[in-house]
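J.: Since each chain sits alone in its own frame, please combine them into the complex, following the hints.
Residue numbers (numbering that gives the first Met the number 0), protein chains in the order written: chain F, 0 to 170; chain E, 0 to 86.
Bear in mind the hints are in silico, worked out from the structure with no lab data behind them. Any given hint might turn out to be false.
Unchecked claim - Cβ pair distances, simulated, as ranges:
1. E/L60 <-> F/P35: 30 to 38 Å
2. F/N85 <-> E/Q75: 37 to 45 Å
3. F/N85 <-> E/I18: 55 to 63 Å
4. F/K167 <-> E/I19: 37 to 45 Å
5. E/K3 <-> F/D6: 17 to 25 Å
Claimed, not checked - DSSO-like mimics (lysine-lysine), calculated; alpha carbons at most 27 Å apart, straight line:
6. F/K164 <-> E/K37
7. F/K167 <-> E/K37
8. E/K74 <-> F/K157
9. F/K157 <-> F/K81
10. F/K81 <-> F/K164
11. F/K120 <-> F/K164
12. E/K42 <-> F/K164
13. E/K42 <-> F/K167
14. F/K143 <-> E/K39
Here the structure is a predicted model, which is why all the values come from computation and not from measurement. Positions of the beta carbon are idealized from the N, C-alpha and C atoms, including for glycine.
Residue-level listing of the chains:
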Amino acid sequence: MNNKGSDKILSIYWFAILVLVAGGIFMMTISFYNHPYDVREIEAEIIINNIADCLSQNGELNSELFNATGFSEDFRTNFLAKCHLNFEAGEGEEGQYYSEISFYNAGDLNSLAYEITGGNKNLAASCSIQNEKEYKREAICVEKTFFSLNGENLYLIKILSAIGKAEKNVR
Amino acid sequence: MSDKNAQISDVITWVVATIIIIVILVVFIYASSVLAQKTKVIKLKEIKVEISEKNIDWVELKTSFAYSESSEENKQIIDAWREENEI
Chain F
0 MNNKGSDKIL SIYWFAILVL VAGGIFMMTI SFYNHPYDVR EIEAEIIINN
50 IADCLSQNGE LNSELFNATG FSEDFRTNFL AKCHLNFEAG EGEEGQYYSE
100 ISFYNAGDLN SLAYEITGGN KNLAASCSIQ NEKEYKREAI CVEKTFFSLN
150 GENLYLIKIL SAIGKAEKNV R
Chain E
0 MSDKNAQISD VITWVVATII IIVILVVFIY ASSVLAQKTK VIKLKEIKVE
50 ISEKNIDWVE LKTSFAYSES SEENKQIIDA WREENEI
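The following block holds chain E by itself, in its conformation from the complex (with noise of 0.2 Å):
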């Protein structure tokens, strides 16, 4: 009878223990695949290599050159849109 006990216990361990195994699995199947679909948007922000301290977009370079060759009036009309939009 003891025998028969031990063996019933034995089957529920590794059924639990399959259960375990296979909710682990699938949870992790479900991860990978939601990562993959996060992870997967490549921004340049993200590559970008660092030429000074801070990175310095190609496009608002343009702007810095026409400001420094810029008369005074132009030159407010740059920092009135900088200001606007916050760069």
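In isolation and in its complexed conformation, chain F is listed as follows (with noise of 0.2 Å):
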């Protein structure tokens, strides 16, 4: 009789082993697959590329940024729709997304000559501190650069992307 109760005791035991290694794991699991991918790095460089390809191909710069008189002003209104990009965002919703576009005479890399800029202005402060692990849930910065020719003239250009969205991809 003794023999049985402590039987029944211990399957009692094992079962609530099991329920407990079971709920482990899927703690584990739900830990593990709560925490979104954050992708905004890419995103921000999958950006730049497509800007950097509008902007210049074979190294030469689009014709397009040109008028007769320097930099076309049609292209700095119209940038986003002539690279194809769209930066809108939903009804009620903020911008998630910026672009900044700075041109310098590759003679005097300190002068600004042309810039452009795409999307929600305020995303660009969170660049400055975008390091501090403390500040991850604001706009992830990302910045190349690059040399291009009209003509033979040489410019330097810089392709600033921010992105936001920090609640789709940061837990």
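T.: Here's what the structure looks like:
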């Protein structure tokens, strides 16, 4: 009788341990997959690649960037449409994308020759603090630089891309 | 008496085993949440397809095109910039 009782207790114990281990595995899975993948950096790089392709092909700057007098104001105004980018946010939502393109004459890399911006400018403020861990819920910024030619004139082009979307990428 | 002692040692064994199981589970749950935070940042460099022995950045390629088309003077500017930026 006593042996039967201890067997019963042991089987209840084993069942409890089984539930405990199953619950633990369930919690591990939930805690791992509950964190979203942060793809903002890759998204920013893809946008930069697209903009770079739009601005420069085979080492030459896009002819639409220039008019008879110099850099085109029309390209600056319609930059997003001309580069087939859509930075529009949903209704009532704040824009989650920002891009800034700066052109410098190769002869003087400190003086800005032309600048194009598009998207939500507020995101640019996060760029200076993004390396600090506590600010990971701020926008992610990526900057890339390349050279391109317009005839004999060489330009240094800096493309900065900032992506918000912290709710979808960070927990 | 010896039966009682055996029972007590049995209980202690199971209690210790249970504590060990719980501790291991807690460690693994914590580790999985830390891993999730650390490894779930995806960078383009990590998934880039190798098109040659050296992975070439798409934007850097633009500079190479400009370099090949440039005059000597412009090539010097690009070289100086590359040196400065360790590219």
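J.: Please go over all the hints and tell whether each is borne out by the structure.
T.: To see whether the hints hold, each was checked on the structure:
no., hint, verdict
1, E/L60 <-> F/P35: 30 to 38 Å, "holds (31 Å)"
2, F/N85 <-> E/Q75: 37 to 45 Å, "holds (40 Å)"
3, F/N85 <-> E/I18: 55 to 63 Å, "holds (57 Å)"
4, F/K167 <-> E/I19: 37 to 45 Å, "holds (39 Å)"
5, E/K3 <-> F/D6: 17 to 25 Å, "holds (18 Å)"
6, F/K164 <-> E/K37, "holds (18 Å)"
7, F/K167 <-> E/K37, "holds (16 Å)"
8, E/K74 <-> F/K157, "holds (18 Å)"
9, F/K157 <-> F/K81, "holds (18 Å)"
10, F/K81 <-> F/K164, "holds (24 Å)"
11, F/K120 <-> F/K164, "holds (14 Å)"
12, E/K42 <-> F/K164, "holds (16 Å)"
13, E/K42 <-> F/K167, "holds (16 Å)"
14, F/K143 <-> E/K39, "holds (23 Å)"
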